[in-house]
Each structure stands twice: as C-alpha cells, then as structure tokens.
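Dock chains B and C against chain A, hints included.
Going line by line, the protein sequences match chains A, B and C. Following full-length UniProt numbering, the numbering of the first sequence begins with 1 at its first residue and continues without gaps. Following full-length UniProt numbering, the numbering of the second sequence begins with 1 at its first residue and continues without gaps. Following full-length UniProt numbering, the numbering of the third sequence begins with 1 at its first residue and continues without gaps.
Bear in mind the hints are in silico, worked out from the structure with no lab data behind them. Model, not experiment: these values are computed from the prediction. Do not take every clue at face value.
[Said to hold, decoys possible] Below, computed lysine-lysine pairings styled on BS3-like, alpha-carbon distance capped at 27 Å:
| id | chain 1 | residue 1 | chain 2 | residue 2 |
| --- | --- | --- | --- | --- |
| 1 | B | Lys-146 | B | Lys-86 |
| 2 | B | Lys-7 | B | Lys-82 |
| 3 | B | Lys-225 | B | Lys-215 |
| 4 | C | Lys-9 | A | Lys-134 |
| 5 | B | Lys-7 | B | Lys-146 |
| 6 | A | Lys-134 | C | Lys-11 |
| 7 | B | Lys-225 | B | Lys-82 |
| 8 | A | Lys-204 | A | Lys-267 |
| 9 | B | Lys-215 | A | Lys-204 |
| 10 | A | Lys-204 | B | Lys-146 |
| 11 | B | Lys-86 | A | Lys-204 |
| 12 | B | Lys-225 | B | Lys-146 |
[Claimed, not checked] Residues of chain B clear of chain A, computed beta-carbon distances all greater than 12 Å:
| id | residue |
| --- | --- |
| 13 | Gly-8 |
| 14 | Asp-13 |
| 15 | Leu-113 |
| 16 | Gly-212 |
| 17 | Asp-226 |
| 18 | Ser-232 |
| 19 | His-244 |
[As the list claims (entries may be wrong)] Short, incomplete list of chain B residues facing chain A, as computed with Cβ under 8 Å:
| id | residue |
| --- | --- |
| 20 | Met-52 |
| 21 | Leu-54 |
| 22 | Lys-82 |
| 23 | Arg-84 |
| 24 | Lys-86 |
| 25 | Val-92 |
| 26 | Asn-94 |
| 27 | Ala-97 |
| 28 | His-108 |
| 29 | Arg-110 |
| 30 | Thr-115 |
| 31 | His-116 |
| 32 | Gly-120 |
| 33 | Glu-123 |
| 34 | Asn-145 |
| 35 | Tyr-147 |
Every residue, glycine too, gets a C-beta built ideally from N, C-alpha and C.
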Amino acid sequence: MAPYIARRLLLTVPLLIVVSFVTFLLIRLSPMDPAEVVLQAQETPQITEELLAQTREELGMNDPFLLQYANWLMSCFRLDFGESYVSGQPVWSLIGPAFANTLSLTLISSVFIIVLSTLLGVVSALREGSLADKSTRGLSFFLTAIPSYGLASVLIWLLAVKLDWLPTSGMDSAASFVLPVAVIAVNYVGIYFRTVRSSVLSNKNEEYVLYARASGLSERAVTMRILRNSLQVAVAIFGMSIPIILGSTVVIENVFAWPGLGRLSVKAILSRDFPIIQAYVLIVAVAFVVINTVSDIVNAAINPKLRSERA
Amino acid sequence: MNTLEVKGLSVWDEATGSAIVRDSSFVLRQGRCLAIVGESGSGKSMTCKAIMRLNRGTIRQSGRVLLNGEDIGELSEAEMRKRRGKNVCMIVQNGMAAFDPSRPVGVHLRETLRTHFGWGRSEAEGVLRVAMESVMLREPLELMNKYPHQLSGGMLQRVMIALALALRPDVIIADEPTTALDAISQYEVVEQFVRLREEMGCSLLFVSHDLGVVKKIADDVVVMKDGMIVESGSLEAVFGGSRHSYTQYLLSSRLTLSRHFQSIMEGGA
Amino acid sequence: MSLWNQLSKDKWAVASMSVIGVILLAGVLAPWIAPNDPYAVQMRLRFASPSWEYWLGNDHLGRCILSRIIYGIRHSILWVLAALAASVLIGALIGFAAGYFRGRTDAVLMRICDVMLSFPGYVMMLAIVGILGPGLENILLAFIVMKWAWFARVIRTSVMQYAEMDYVRFAKAVGIRHRTILIRHMLPAALPDIAVIASGSICSMILQVSGLSFLSLGIQAPYAEWGMMLNEARAVMFSRPELMLAPGLAIVISVMAFNFLADSIQVALDPKLRTKSARRRTKEAENKAYEYVRG
Numbered sequence: 001m002a003p004y005i006a007r008r009l010l011l012t013v014p015l016l017i018v019v020s021f022v023t024f025l026l027i028r029l030s031p032m033d034p035a036e037v038v039l040q041a042q043e044t045p046q047i048t049e050e051l052l053a054q055t056r057e058e059l060g061m062n063d064p065f066l067l068q069y070a071n072w073l074m075s076c077f078r079l080d081f082g083e084s085y086v087s088g089q090p091v092w093s094l095i096g097p098a099f100a101n102t103l104s105l106t107l108i109s110s111v112f113i114i115v116l117s118t119l120l121g122v123v124s125a126l127r128e129g130s131l132a133d134k135s136t137r138g139l140s141f142f143l144t145a146i147p148s149y150g151l152a153s154v155l156i157w158l159l160a161v162k163l164d165w166l167p168t169s170g171m172d173s174a175a176s177f178v179l180p181v182a183v184i185a186v187n188y189v190g191i192y193f194r195t196v197r198s199s200v201l202s203n204k205n206e207e208y209v210l211y212a213r214a215s216g217l218s219e220r221a222v223t224m225r226i227l228r229n230s231l232q233v234a235v236a237i238f239g240m241s242i243p244i245i246l247g248s249t250v251v252i253e254n255v256f257a258w259p260g261l262g263r264l265s266v267k268a269i270l271s272r273d274f275p276i277i278q279a280y281v282l283i284v285a286v287a288f289v290v291i292n293t294v295s296d297i298v299n300a301a302i303n304p305k306l307r308s309e310r311a
Numbered sequence: 001m002n003t004l005e006v007k008g009l010s011v012w013d014e015a016t017g018s019a020i021v022r023d024s025s026f027v028l029r030q031g032r033c034l035a036i037v038g039e040s041g042s043g044k045s046m047t048c049k050a051i052m053r054l055n056r057g058t059i060r061q062s063g064r065v066l067l068n069g070e071d072i073g074e075l076s077e078a079e080m081r082k083r084r085g086k087n088v089c090m091i092v093q094n095g096m097a098a099f100d101p102s103r104p105v106g107v108h109l110r111e112t113l114r115t116h117f118g119w120g121r122s123e124a125e126g127v128l129r130v131a132m133e134s135v136m137l138r139e140p141l142e143l144m145n146k147y148p149h150q151l152s153g154g155m156l157q158r159v160m161i162a163l164a165l166a167l168r169p170d171v172i173i174a175d176e177p178t179t180a181l182d183a184i185s186q187y188e189v190v191e192q193f194v195r196l197r198e199e200m201g202c203s204l205l206f207v208s209h210d211l212g213v214v215k216k217i218a219d220d221v222v223v224m225k226d227g228m229i230v231e232s233g234s235l236e237a238v239f240g241g242s243r244h245s246y247t248q249y250l251l252s253s254r255l256t257l258s259r260h261f262q263s264i265m266e267g268g269a
Numbered sequence: 001m002s003l004w005n006q007l008s009k010d011k012w013a014v015a016s017m018s019v020i021g022v023i024l025l026a027g028v029l030a031p032w033i034a035p036n037d038p039y040a041v042q043m044r045l046r047f048a049s050p051s052w053e054y055w056l057g058n059d060h061l062g063r064c065i066l067s068r069i070i071y072g073i074r075h076s077i078l079w080v081l082a083a084l085a086a087s088v089l090i091g092a093l094i095g096f097a098a099g100y101f102r103g104r105t106d107a108v109l110m111r112i113c114d115v116m117l118s119f120p121g122y123v124m125m126l127a128i129v130g131i132l133g134p135g136l137e138n139i140l141l142a143f144i145v146m147k148w149a150w151f152a153r154v155i156r157t158s159v160m161q162y163a164e165m166d167y168v169r170f171a172k173a174v175g176i177r178h179r180t181i182l183i184r185h186m187l188p189a190a191l192p193d194i195a196v197i198a199s200g201s202i203c204s205m206i207l208q209v210s211g212l213s214f215l216s217l218g219i220q221a222p223y224a225e226w227g228m229m230l231n232e233a234r235a236v237m238f239s240r241p242e243l244m245l246a247p248g249l250a251i252v253i254s255v256m257a258f259n260f261l262a263d264s265i266q267v268a269l270d271p272k273l274r275t276k277s278a279r280r281r282t283k284e285a286e287n288k289a290y291e292y293v294r295g
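The following block holds chain A by itself, in its conformation from the complex (with noise of 0.2 Å):
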C-alpha cells in the first residue's frame, strides 16, 4: 500500500504544477490588456499611455514570461494572489472565507448525497422490479430533469415565502443550509442512486454469488458479499463528486445568495475582476486534484485489484 501511496502522490507533483501553469496562462490568452481593466475598474477618469505603461509595470507584466509565472506562484505557496482590481482589498481576504463558506456547503450536501443515493440503490436493486423500484427509478429520472435554479426558486416560494418555514437567503443559522443542501441533494441523489443501483444489479449476477449461495452461506452472506463489491464502485464515484459539486454550487449560491466561492467568482467574472477569477480557479482546480488524489488512495484502499493494476 504504502508504495502506492508514494506513487500516486508522485503523479500529482507534475499535475499540479500544469495546473497552476494553465491557470496562469488563462488571464494572458484575455483578449483585454489588464493593466485597462485595472484602470477602468479604478474608474481612473483618463487613460493614458503613460498610465497604462505605468499599471504593466506595477503588476509586472514586463518581466520575462517565465519570470512572471514564478513570482506568480511563489507568492500563490503564500496565499497571496494580489488585490482585487475593484476594491483592492487582497484577494484571500475575500475568497478564503468564501473558500470555507462553500466547503462546509459542499462536505454537508455530500454527505447527504452519499448516504441517501446508497440507500435508495441498495434497496431498490435487491428489491429489483418492485414497485418501490420502480417507482424511485421513475422519480430520480425527473429530479435529474429539474434545472436545479428553478427547484431552488420554487423552494424559496414555497417554503420560505409562503409557509415562513425557512430562511430565503444568506448563511445566517443551521436553517440557512436547508433549502441549497435539498436542491444540491436532490440533484445529485438522482444520478448516484442509478450508479449504486445498477452496480448492485451486476454485482448480484456475478459468479461468486452462485458460488457463496451453492457453498450454502446465509442470504445475509451472501448480500454483505454483493454490497462490499458494489459499493467500491461507488466510493469511487462518490470520491469524484465531492470537488465536482464544488465546482457547481455556483447556480445554488447564486439563488440563496450564498457567500461563497460560487457567487464571489460570478460577481467576478461580470466585473471582469481578473485576480479574482484566476485565484478561483486555481484554488478549486487544486481542490479537485487533492480530493482526487485522495479518494484514488482510498478506492485502492478497499480494492486490492485496482491497486495491483495501477502499480
């Protein structure tokens, strides 16, 4: 195991280190010079060229390429991503608590997802064909179909307008996480209940199944069998989705006007806030390969061939 680990973490050195490259080179493939956005969202009265030469100094933007990239990361390792072109507050003093407001929203909503999707998959594939599988099947097939903004805002109507029952917006009580964490859920839920469901399915035709039931080991056995073997799959997937919910809260915080990383980078990206947008990106594509990474560790963990295969 342990040369495992020291391999795969190995393998995420270079990853990281293209990831934060491309980061870098996004905010240079803008069609817009920077050093004009900073002006302009300084709301400097007249630009000049003297001005703007000025600006490109300020942020370096005359060094050597690859110089540049270096200072870039060096001061990213201190969590320092510059200041914000419209407020000039540092950038970390805005997204780090962002950063903190959407994991706690990921993690909860994921834990949720984990939970609900194995249990409605596990019951409805050994209850293959009944009605409560059938049923559930048919339901996840329009949860998935519901855009999750537009569940959002008929919650917010239905539950928070009308029956007072929740707060509309904001992360002010355990409340506030009621409404995102359902609509997240029930987006999720939908497509990891088939996984589970269907990886339970094949598991159950498989031969060691014949096997232990002809050995004449007890039908409870035999399901603990099928449900070890199934729910690796299902780790693995599970692992994949939690930077990937990360990545989409984004329409959800916007709904509840969440203060988090979602509704930080849209305010961003329609002020055209570069810093901003390029310290979210790298913070969340760094994020997605760290839980990667993480739960690659822990899928060889509980499945000895995946790791005689990866070595």
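Just chains B and C now, with coordinates in the frame of chain A:
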C-alpha cells in the same frame, strides 16, 4: 443406492415462457460419476442449478430431485441451505469469478466451514491445509491470504476442489470445471477430479462439452440437446455404440477436430 | 440500421424521440410557427394572462411568452446540440488518431487529455467566460474546449478495441490505406459508442447552459433563452410565480426526453443489459455518472 435421482425435471423462464429443460430424468449412483454432455445452451447448467435450487428470478422448476432419497423440493429454504455445500457441493465454471474479488480466497473457505461445522479459524485452516496439499496446491496458508486476481484459473479451480474435499459431501456437481482453463491446467484439474473420486468415493455429477475429459472420468453419460435428454447409458454404451444421431454428431465432430489437429501436427513436423 | 429498429420497438424511446422531434422542428421553424414577435415590447400587456392571441400570456415587458419559448429552443437546445456535435467531432478525430495509430501519437494526445480532465469542467467554463466575457457563444466555446477530451478518451478506448479485431488487422496487413480502414471499418464500429456517450451528455449540457444563462453569464437580452426566462421570472417570483412555469416545464420536458432516449440507446446497443454479464452496464453507469458530474 441412488445418491441423486432426478425425475421429470423441467425448468422454464416465466418471463419469456421459454422452456429450458424438458422432462429430464437420470440417476447418479453411489460412488459413480455421471457426465452430462451437450453443446452450450443445451440446459446442462440450468439442470445443475435446479438440483441445488439455485435458479432465481423468473426461472421456475418442476419435477422431483431426490438427494439420498429425500425430496429437496419439500425442504424449507433454511433446510436446503444446510444441504448446499455439506451434502451437495458445487464447483462452478469460472474459477476467476467464483470468489469474492475484494477478499482473500481463504475468507470464503473458512466462512463455509464455519457455517457447516462451526469450526474456528485454526481448525478450518488445519483441514484446508491438508485438503489443498492433496490437490497439489503448494503453501496453502499463504495461498489462502491471496486475492482471487492474484491466482490462476487452474489454481482457483483446485481451491474449489479442496473445499469440496474438506466438506466431504455426498455429491459433487462440477459445472464445466475445465472450460475456462488452458490445456495444461485442464489436465491438472481433471487429474484432481480423478483422485478426488478415488479418495473420497463420493458421487460426481460432471457437466462438460469436452468429450475427451468426459471419457477420462465418467462411468455413465447423459447426452442433452435443447433441454432434452436424447441418450443415456454407460460410457462404453454411449460412446461405443451410440444410436442417436446427435451423439454421433458430437462424437464425429470431435474426431474430425482431433484428426485435423493431428494432420496439422504431422504436416508441420 | 439495427439501432433504429431496436429503438422503434421501445415505446419510451419512440415517445421521447417524438417529443424531441417536435421540439427540434419547432426550433428550426420558429419564425414561421411562433404566433407573435418574441422581441416586441408592449408595456400595456405587462403580465397579461393567457388570451387567444397570447396563449401563454405575456412577460414583464409584455412580450409573448409562447413565442419566446419557441425561439428559446434555438438557444437552449439547437445551439447546445451544435456545440455537442463539434466537441464530439474533435474528440472523435483525436480519439481515432490515438486509438488507431497508438505509440507516440497516443501517448502525447492522452497526456493532453489527462491535463484537460484534471480541471473541474464547470469551473473552467466559468473561467473561460470570465476571460472572454459573458455570452452564449463564449459558453458554447468553453463547452467545446472542455468536453472534447472526455469524448476523445471514450472513443479511443472503443477504437482500440476494434483495431485489434482480425478484419481490421487483415485490412492493415494487405495494405489498405489508413483513411479507407478508418472510414470503412472503424467508424461504423465505433458509432454506437459515440451515440451512447453523446446522448448521455446532452442532458447535463442543456442544464448547464441554461444555468449559466440563468446567472446572466450566457445569452444577453433581448434574445430568448429558457434559463434566462426563468431568471426574469424569478425577479417577480413572489407576486407572479406562474411565470416560472412555462420555461421551467420546457426545460424539464426536453431534458427528460433526452434522458429517456439516452437510456433507450444504451439498452438498445447492449442487449445483455437485462441479462447476465452486466459488467458493461456498471461501466456505463459509471461513465454516465462521471459524465454527468464532470460538468
């Protein structure tokens, strides 16, 4: 005495209404080996599963299966479960897929022995070691800690035989145990089956489409085609003086193949 | 074509194909079948209830909702399909090259794919939109940029499988040109796999594009798009919640139709799905979930 007697067994799929096995009857006598031969899809495997009452889902069966004179159709599911493994033990076709892929093979072996005999780990391992050594598996304790994907198909097949040895059942049902193997492992596995019979004197129901293997191991033969038994009798009677055209076809196609093989070998030499 | 025959036997597939057919046709023929001008602002008709002239009523600017829904098909569905086709095409070209020629070509192309796939899709789309600015064409461009790698990977796997088939090896051995082999033998063999992954990703694409439009990062006013219409309706959600109904239902119905179709295509192409040996089903379910969440 008849260890296993199958009377008028029919198996069908309720969902599609198609018949899989039709009104089959045969007898497996104490200490004998009965081979069921036939092409794939002729209903051989379903017959095996029906004997163990392992057909699930929409598959239904009728007819009588007597194990040591006891009608298994009248047993409760819990009673039947006690018979499986201990009285009638099955060896499945694909060793590579027969064991839980996420646990070492020893887990299944010990669990089975604990279920039937209540043995603890050391007791089970003691018996298993002897059984595994007798089927030429070296370093059995180490082997029990290996995962299925770390072993070859032939080894896993012999692990199943070893488990059967440890369980000492009245009947062993082997469903195409050599099909998924290469020629050398096939030879080794067949050798172990031959020894198994010599040592334990248990009855063996051997399902195969490989007539060469059948010739080596069987006393009696049943020929199945499209879910029906078309011919049965002693090995000599069926293979020597077959009356049914289908058996003749099976035999001749095998002869043609081996002749073809021989002529290639000679031509190449 | 056998796929067609299979699908025409499946009642869910027929139903979903009819729904999709109607939607696509309505989108193409929008200028002829829309009852009114979707952009005509009539302040006196603000929030008017459904009438004989305006079947679904009027929005906050007095525009005909039905006409806007019909014109919205173009942006919400047709353009998304075009973007999907483009990324599948790029993915197919690269996947074919990698899977057929193998060796160094394969290694280089797949490393590029790995890098592309190590970025979370949704975030990269936001990044691209952030740099190029909001707009439907930028979103679709971002989609193509982010998606091709995923398609390339799947198509490569399927091509590799068929490139090892004897008839392809034989064709190679007797010196038939690569182009001929690719078009005559490999393309038809890989088409079913392409159909499965493409149909599987339509739904998530439609939802995401409309989601970005909902955030006003997508199509800009006055053009009609379902996600944007929902956003406009949300502004008056507390007084007139019924305005969310039409665009919401339009999205749900079309996504469900594509979802059912994707499922039917999978089943039709894999008759083993319902019987034993369901390994492939797990694999596809994984792919599907992966594809879905990929973003």
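Hint check results:
no., hint, result
1, B:Lys-146 to B:Lys-86, "holds (25 Å)"
2, B:Lys-7 to B:Lys-82, "holds (22 Å)"
3, B:Lys-225 to B:Lys-215, "holds (19 Å)"
4, C:Lys-9 to A:Lys-134, "holds (21 Å)"
5, B:Lys-7 to B:Lys-146, "violated (42 Å)"
6, A:Lys-134 to C:Lys-11, "holds (17 Å)"
7, B:Lys-225 to B:Lys-82, "violated (32 Å)"
8, A:Lys-204 to A:Lys-267, "violated (49 Å)"
9, B:Lys-215 to A:Lys-204, "violated (35 Å)"
10, A:Lys-204 to B:Lys-146, "holds (23 Å)"
11, B:Lys-86 to A:Lys-204, "holds (23 Å)"
12, B:Lys-225 to B:Lys-146, "violated (40 Å)"
13, Gly-8, "holds (23 Å)"
14, Asp-13, "holds (14 Å)"
15, Leu-113, "violated (10 Å)"
16, Gly-212, "holds (24 Å)"
17, Asp-226, "holds (23 Å)"
18, Ser-232, "holds (25 Å)"
19, His-244, "holds (31 Å)"
20, Met-52, "holds (6 Å)"
21, Leu-54, "holds (6 Å)"
22, Lys-82, "holds (7 Å)"
23, Arg-84, "holds (4 Å)"
24, Lys-86, "holds (6 Å)"
25, Val-92, "holds (5 Å)"
26, Asn-94, "holds (5 Å)"
27, Ala-97, "holds (4 Å)"
28, His-108, "holds (7 Å)"
29, Arg-110, "violated (11 Å)"
30, Thr-115, "holds (6 Å)"
31, His-116, "holds (6 Å)"
32, Gly-120, "violated (17 Å)"
33, Glu-123, "violated (18 Å)"
34, Asn-145, "violated (11 Å)"
35, Tyr-147, "holds (5 Å)"
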